[in-house]
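Q: Letter by letter, the chains look like this.
Protein chains: 2
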Amino acid sequence: MKIIIDAMGGDNAPQAPIEGGVKAAKELGVDIVFVGKTDIIENELKKHVYPSEKISIAHAATLISNHEEPAKAVRSKKDSSIVVAANMLKNGEGDVLLSMGNTGALLAAGLLIVGRIKGVLRPALATLLPSARGAKMLIDAGANTNCKPENLVQFGIMGSIYMKGVMEVEKPTVGLMSNGEEEGKGDELTKETFPLMKQAPLNFIGNIEGRDVMEGTADVMVCDGFVGNVILKTVEGMGSVVSRELKTMFMGSLLTKLGALFVMNGIKGFRKKMDYREYGGAPLLGTKKPVIKGHGSSDAKAVYNAVRQAKRFVESGIIDEIAKNTN
Amino acid sequence: MKIIIDAMGGDNAPQAPIEGGVKAAKELGVDIVFVGKTDIIENELKKHVYPSEKISIAHAATLISNHEEPAKAVRSKKDSSIVVAANMLKNGEGDVLLSMGNTGALLAAGLLIVGRIKGVLRPALATLLPSARGAKMLIDAGANTNCKPENLVQFGIMGSIYMKGVMEVEKPTVGLMSNGEEEGKGDELTKETFPLMKQAPLNFIGNIEGRDVMEGTADVMVCDGFVGNVILKTVEGMGSVVSRELKTMFMGSLLTKLGALFVMNGIKGFRKKMDYREYGGAPLLGTKKPVIKGHGSSDAKAVYNAVRQAKRFVESGIIDEIAKNTN
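Those protein sequences? They're chains A and B, same order as listed.
Numbers 7 to 333, taken from my numbering, label the letters of the first sequence in order.
Numbers 7 to 333, taken from my numbering, label the letters of the second sequence in order.
Just so you know, the hints here were simulated from the structure itself, not pulled from any lab data.
Just so you know, not all the hints are guaranteed correct.
Identical copies look the same in the list; a pair holds intra-copy or inter-copy alike.
[Stated by the list, open to error] Below, a list of computed lysine-lysine pairs in the DSSO-like style, where the Cα atoms sit at most 30 Å apart: (1) K177 to K52; (2) K330 to K52; (3) K32 to K78; (4) K317 to K307; (5) K154 to K278; (6) K191 to K154; (7) K253 to K263; (8) K124 to K32.
These numbers were taken from a predicted model, which means no experiment stands behind them.
For reference, chain A alone in the conformation it holds in the complex (with noise of 0.2 Å):
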C-alpha cells in the first residue's frame, strides 16, 4: 500500500508531515510518497535513517498556502503540492492521500480532481472527535456550508460506513444535531431532514444537542458544514483554553507545583483522552478514492496516527460500501 503525504502543508510542513511518514513507514509496513520540492524533502529527510525502497519523492514546485481561495488555486496551481498528489490518486499511483495543509483546497482536489463517488450528492469532511464515551463522528465539519435534507441524510450513511467499518462500531448510532431533543425542535433543514431520516437504513436515535457531543451520546452527529465547523472550532478552542488554564493553575506556585506531580499520571491520561493527534485526520467521504486532512497543526506523531488511520480506511473497502449504499 502507498500512502500519498503533501510534504508542504501545514504548520509544521515539512518537518512533522516527513518525521510522521518515515515513522510510519518503518513501522506500519507502508510505502510513503512525499510531494513538494524534491531539495526540501532530500534535506528534511537526511535527518533520518530508513528504508529508503519504501519512500519515494514526487515533485511539485509550489504550494498553495492557508491564505488562498482554495477553488480558485486548484484550478490554477497545477504545480501545487496538493494538486500533484490529488492527480496521483486519481491515477492510481497511491492508495490514499494525506494532507495537514488548506482545508478548502483538499476539499476542491478531492472534489475537482479525484471526483465524486456517483450517486452521493456532496462529500463531505468527517472529524473524530474526543468524548466521554470515546471517539465520535461529527459529519459534515465543514465542506458543504449550505446543505440540503438529502446531503444530510447521505452524511449520516457515509459516517455510519466509516465507523463501522473503520471504528470497528457495530450498528453506529446517528443523531441529527438539533436545538432540542424532541422531533419537532429544529430550524427548516433539520426539521425537513429529521423524517428522511428516520426512513433512511441508519441507526437513527434522533435529534441530539450540542451538549451531546461531549457526552458521545451518539457515534455519527449529522450537521450541515457550518454547524458542524462552529462545533469542531467550539469544542478544540475550549480545549486549548482549559489546558492553557489548568496549566497557570498548576505552574502558580511551590505548593501547587508540588501537587501538580502527584496528580500528573491522571492529567496526562486525560489530555491523552482528549488530545486530536490521538484521533489521526478528518477524512473526506463521498470521493472515489480516499482523502484524509490532517490537523493543520499535526507533530509527527498526530503525522503518524493519521497514516495508521488512511491504512484501515483503504484497507476497510467502505468507498464500495458507500458506493453501495448512496445509489
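Got chain A sorted already, so can you dock chain B onto it with the hints?
A: Only chain B this time, still in chain A's reference frame:
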C-alpha cells in the same frame, strides 16, 4: 424596585428561587414577589428569616412544565406561574421578571404578553458565557431558529447596548459567528449579514469562529438561535464532562487526593471563572420590559446572582436605549 420571580420554575424549584430571592431581598434592597402556589411558597418561606415587608406572594394555581409545547401552553394556561408573572410585569406590578422554568414558555410569554419594543423585529435570548477574557455575550442563544440578516444586525445592536449599559463594557466589540474569519466565509445568512453589520452603528470586528467563544475575542457574538443554542449547549456539555473527568482524576488514589489538596485553591478559582452561576441569567432583549431566563439547574446562589443582574438591567435604562436604536 420590585422583582417578579417565578417560584415554580427550574430543576430546584421552589427551594432555590425562594432561597435566592429571600437573600436578594435582604442584601440587595429590592422587593420580591414570588409567583406560584401560595401554600407551597408559604411553606418554603417558613424556612427563612426575612423582612416581611419586602416579600410578597402572587398566587398562580398551576405551572408550565419543561415538557409542554411552549406557545400552546402560554395561550391555554392563564393561571400558570409564568403567564401570571408576565401579566404582572405588563401591568406594572413589578419591574422585571425572572424565571428558571421552561425557556420556550418564557420566550412566548415575553413575546405574546409583555410584547416587543416597536421596531424590534425579533426579541433574542442573550446568554453570558465565561471566556479567557471574562463574560461575553452570545446572542441569539435560542429564541429564533430561522433568522434574516436584519434580525442578526438587531441582535448585534441590542447586545451591544446591554454589554455597555449592564456589563459596563465601553464600545463592545461585535463579531459575526461564521465558519472562517475572512469576509467571504459563511453560509447564505451570514454572507448577507456581513455588509449590513459593517454599515450598522456597531463596533463590528468581522467574522469570528467557534474558537473565539472561549478565547473571548468579541464582547458580543452574533448568530441565529439554532447555532447559538448548539454553541451554548456544546460549551455547557464540555464544561460538565471536563469537571467530571478532573474530579475522577483527583479522587483516583490517596496520592492524587493529596495532590488535589495542594491545587485546591487554583481549582476553585478556575471553576469560579467557568461557573455559569456567577454570570446570572440570560436576558431576553427586545421586549418592552425586562425579562430574564435563569438557568434551569440554578441553585440559590445562581438565583441570587440573577436577581442582582435583574436589578442592574432595570437601573440601566437600556430598554429605552434599545427602542431608540431599533427604529
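Q: Each hint: holds or not?
A: Hints versus structure:
In the homo-oligomer, the alpha carbons of K177 and K52 never lie at most 30 Å apart, since the shortest distance is 46 Å inside one protomer and 55 Å across protomers. In this homomeric assembly, K330 and K52 never come within 30 Å of each other (Cα to Cα): the closest approach is 45 Å inside a single copy and 69 Å across copies. Within a single copy, K32 and K78 get their C-alpha atoms no closer than 37 Å, and across copies no closer than 65 Å, so neither meets the 30 Å cut-off. In the homo-oligomer, the alpha carbons of K317 and K307 lie at most 30 Å apart inside one protomer (15 Å), although the nearest pairing across protomers, at 53 Å, exceeds that limit.
Taking the closest pair of Cα atoms, K154 and K278 never come within 30 Å of each other, the shortest separation being 36 Å inside a single copy and 42 Å across copies. In this assembly of identical chains, K191 and K154 lie within 30 Å of each other by CA distance both inside one copy and across copies; the values are 17 Å within and 19 Å between. For the homomeric pair K253 and K263, the shortest alpha-carbon distances inside one copy (10 Å) and between copies (18 Å) are both at most 30 Å. Taking the shortest alpha-carbon separations for K124 and K32, neither the intra-copy value of 36 Å nor the inter-copy value of 70 Å comes in at or below 30 Å.
Checked against the numbered hints given earlier, this structure breaks hints 1, 2, 3, 5 and 8; the rest are met.
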